[in-house]
Every structure is written in structure tokens, then in C-alpha cells.
Amino acid sequence: MNINATILGQVISFSIFVWFCMKFVWPALIGAMEERKKTIADGLEAADRAVRDLELAQNKAVDQLKEAKQEAASIIDDAKKRASTIIDESKDKAREEGDRLIVSAQAEIEQESNKAREELRSQVAVLAIAGAEKILERSISEEDNRDIVDGLAAQL
Amino acid sequence: MSSETITSREYITHHLTNLTYGQHADGTWGLARSGEEATQMGFWALNVDTFGFSLALGMIFMFVFHRVAKRVTTGVPGGMQNFVEMIVDFVDDNVKGMFHHQSKVIAPMALTIFVWVLMMNFMDLVPIDFLPRLGEVFGLHFLKVVPSTDVNITMGLALSVFAVVIFFSIKQKGLGGFAAELAFHPFGKFGLPINLFLEIVNLLAKPISLGLRLFGNLYAGEMIFILIALLPFWIQWALSVPWAIFHILIIVLQAFIFMVLTIVYMAMAFDDH
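Those sequence lines, one after another, are chains A and B. For the first sequence, my numbering begins at 1 and goes up steadily by one. For the second sequence, my numbering begins at 1 and goes up steadily by one.
Here chain A stands alone, though its shape is the one from the complex (with noise of 0.2 Å):
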């Protein structure tokens, strides 16, 4: 239980222990924690970052989903009117081109009719006189009875 020089001793080690310390054991131990602390506190961030980029881009797709969906309900619509229009317009068409026909063939039809009309006339002429030759046997001149058997046959 003496004071001696043990406290001196005790006094230079303790000195020498702390700035060793200082010196070699507490910079680099801290400094690490602490770049540790800030790693850690980086990743929470970019954890958090990353849950809310997902959260928007979810949103994003389902906007897009939606937006395509009414693209294509509307280009569905577009093409049954489409359709619609394509339809009638082919039954407009068809219609006026069996009318055309019709009347081709009609005007055709009177063409042919009277034609043979024609012909039938031309052909009933010849035998009226023909005939009324043979009636009045030579008597009549054909020349002299003509207007009357043209009469007869353009009433014909």
C-alpha cells in the first residue's frame, strides 16, 4: 500500500495506450462503422426507391392496358361500321347493276321485237301482194296498189 513509482509507471502507459489508441485502433474502427452505417442506410433507400418504382410502373401498365383495351374497342367499332358501310354499299351497287341489266336487256328485247316487226312487215307486204296477186290474177298492176298495201302493212 506504498505510493511509488509504479504511478508513474501507470501514468506513461496509460499515455502511450490512448494515443496508440487515437492513432491506430479507434480512426479506422469508427471509420468503418460508420461507412457500414451508411451502406446499410443507402440500400434501405434504394429499397425504398425501388418498391415505389414498382408501385408507379404497376400503375403505368395497368393506364396502358386500359388505353389499349379502349384502342381496341374502338378499332373493333370502327370496323363493323366499316363493314356496315363495305355491305350496303355492295347491295347499292348490285342493285343498280341488275337495274342496268335490266333495262339493257329490255331496251335490247324492244330492239329484237322490233326488228322482227320490222321484218314481219316487210314480210307481210310481200305476201298481201302476193296474195292479192294471186286474188286478182294479173289484173292489178303492183305498182298502182302499192300505197295501199304499205298503208295496210304499217297498220299492221
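Worth double-checking, as some hints may not be accurate.
[Said to hold, decoys possible] Beta-carbon label-pair distances, calculated as ranges:
(1) SER15(A) <-> ASP271(B): 20 to 28 Å
(2) ILE60(B) <-> SER15(A): 12 to 20 Å
(3) GLU55(A) <-> MET80(B): 37 to 45 Å
(4) GLN58(A) <-> MET80(B): 43 to 51 Å
(5) VAL264(B) <-> GLN58(A): 49 to 57 Å
(6) GLN58(A) <-> VAL76(B): 56 to 64 Å
(7) ASP93(B) <-> GLN58(A): 36 to 44 Å
(8) GLU55(A) <-> ASP93(B): 35 to 43 Å
(9) GLU45(A) <-> VAL76(B): 16 to 24 Å
[What the hints assert, rightly or not] Chain A regions said to be covered by chain B (calculated; three or more residues, Cβ under 8 Å):
(10) 12-25
(11) 33-44
Hints in this document: simulated from the structure, not taken from any laboratory. The structure displayed is predicted, hence computed values, not measured ones. Where a beta carbon is used, it is the ideal one built from N, C-alpha and C, also for glycine.
Position chain B against the provided structure of chain A, taking the given hints into account.
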């Protein structure tokens, strides 16, 4: 355990005597062979046992922590690094909680104090006769194993802390500021002599209480272990085991208190009143 030839008194005295190296009365240098001889050696003697253990423990502490610090990784820490970081974090938390100034000294000093004092205290849990007996084999008459039961060791620490505190007080406040703090507190400038007396007592009480608190606690703990060792060997465990378990608490607590008071004194040195 005491053998038949030595009495309890001799056993206790033997355990409380340091292995002291110094100058004998006849002028030669050597180890003291008794407590009286150690006292006669005066101031210029060294308690080889406590100082040696304290130095060895400090070196182990520095070696381990430096090794960890050199290989420190910012990734996942291994077992030893984890352990060291736990202690460093604990000390850092305490420093940050009590000391709100910028200082490069205080945190390493607090770490050194905490770990070193803790290790010195832990020597108390080594079975009381183990190392002294081992010492006797090597021809050492006395061996006090626990450095913090030597008042030189604890006062050495306390005075070092005190010196640092005074240094920073003067550095922060200037010599005048430091003197004013002693002179004009608590009664203003008209109570100057009383102020001076009170403040100086207050100032000197800091290192003395700091050193003697640690010394007293550990000395008392050691004393009880010695007394328990005087009992018959078959009953010793009934007292030494509970006391050792309780003593673990004291060991950590005293190291913690020493560190906390150091931080508090440093904070006071930096704070302006």
C-alpha cells in the same frame, strides 16, 4: 489455501503485499522481501506485479484491437470484429450522449479506460491462489494479481485523466477563464477566498474520488475472496461462487463508472458556465 505453518494473518498480509522492486536500505537494488522493506524503499520503487500485469493487459488489449482495426471490413464483420465493434459502439454511444463537443482524444481515451480497467478488474476472477503459487514456483515471494487493487495503478489512471481535463480546461477557456471558474463560483467575486477554497477542493476531489472509488471497490472484492479462501476448502465454493458472480457485476460497473466519469469531467472541461 494457507498451509499449517502460516497463520491467517500472515496469509492475508502475504496476499496484500506487492512484489516491489527498489533500492534496499543497504544501497543495493532488488525485490523487497517483506512489506516493511517495500515501504522503506520510498517513492522510487516499482510494484513489478501490478504494473507488469497492467502493462501486459494493456498490450493484449492494444494488440487485439489493433489487429481487428487493421483487418477491419466494412462488409459483414467476423466474430472478433463483431465483438470489438460492439464495445466501440457502446463507448461511442456513451461519449456521444454525454460529450457534445469536437474532440479526437476523448473517445479513444474512453475506450482505452473502459477496456483496460475492465481487463484489470477481471483479473480478480482468476482463482486467488493460482497465480501467486505459480509465482512462488518461479521464486517470486509476493504476487498481487489484480492491478486495480493497487492504489498506484488506479491513481495513475485518475491523475492522467485529471491532467487531460486540466489541459483541455485551459485550452478551451484560456488560463484566465479557468482561473475565473475557480475564483468567481459559486458566490460571485466578493466571496473570492471561499470560492477558491471550495472550487479547489471540488477540483481535487475529482481525481481522488475517481481513483479511490475503483481501488476501494476492487480492493474490497479481493479482500472478500481472500477471506473466503481462509475457509475449509470443501465449503469455499458456497461463498466464492456467489461472490464471483456478484463480482462480475462490480467489475463491469466500476469500469463503466470510471469511463463515464472521465467523459463527464471532459465534458465539464469543454462546457462554458
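Now the hints, each set against the structure:
| no. | hint | in the structure |
| --- | --- | --- |
| 1 | SER15(A) <-> ASP271(B): 20 to 28 Å | holds (24 Å) |
| 2 | ILE60(B) <-> SER15(A): 12 to 20 Å | holds (18 Å) |
| 3 | GLU55(A) <-> MET80(B): 37 to 45 Å | holds (43 Å) |
| 4 | GLN58(A) <-> MET80(B): 43 to 51 Å | holds (46 Å) |
| 5 | VAL264(B) <-> GLN58(A): 49 to 57 Å | holds (55 Å) |
| 6 | GLN58(A) <-> VAL76(B): 56 to 64 Å | violated (33 Å) |
| 7 | ASP93(B) <-> GLN58(A): 36 to 44 Å | holds (41 Å) |
| 8 | GLU55(A) <-> ASP93(B): 35 to 43 Å | holds (37 Å) |
| 9 | GLU45(A) <-> VAL76(B): 16 to 24 Å | holds (20 Å) |
| 10 | 12-25 | holds (count 10) |
| 11 | 33-44 | holds (count 4) |
The earlier numbered hint that this structure contradicts is number 6, and it is the only one.
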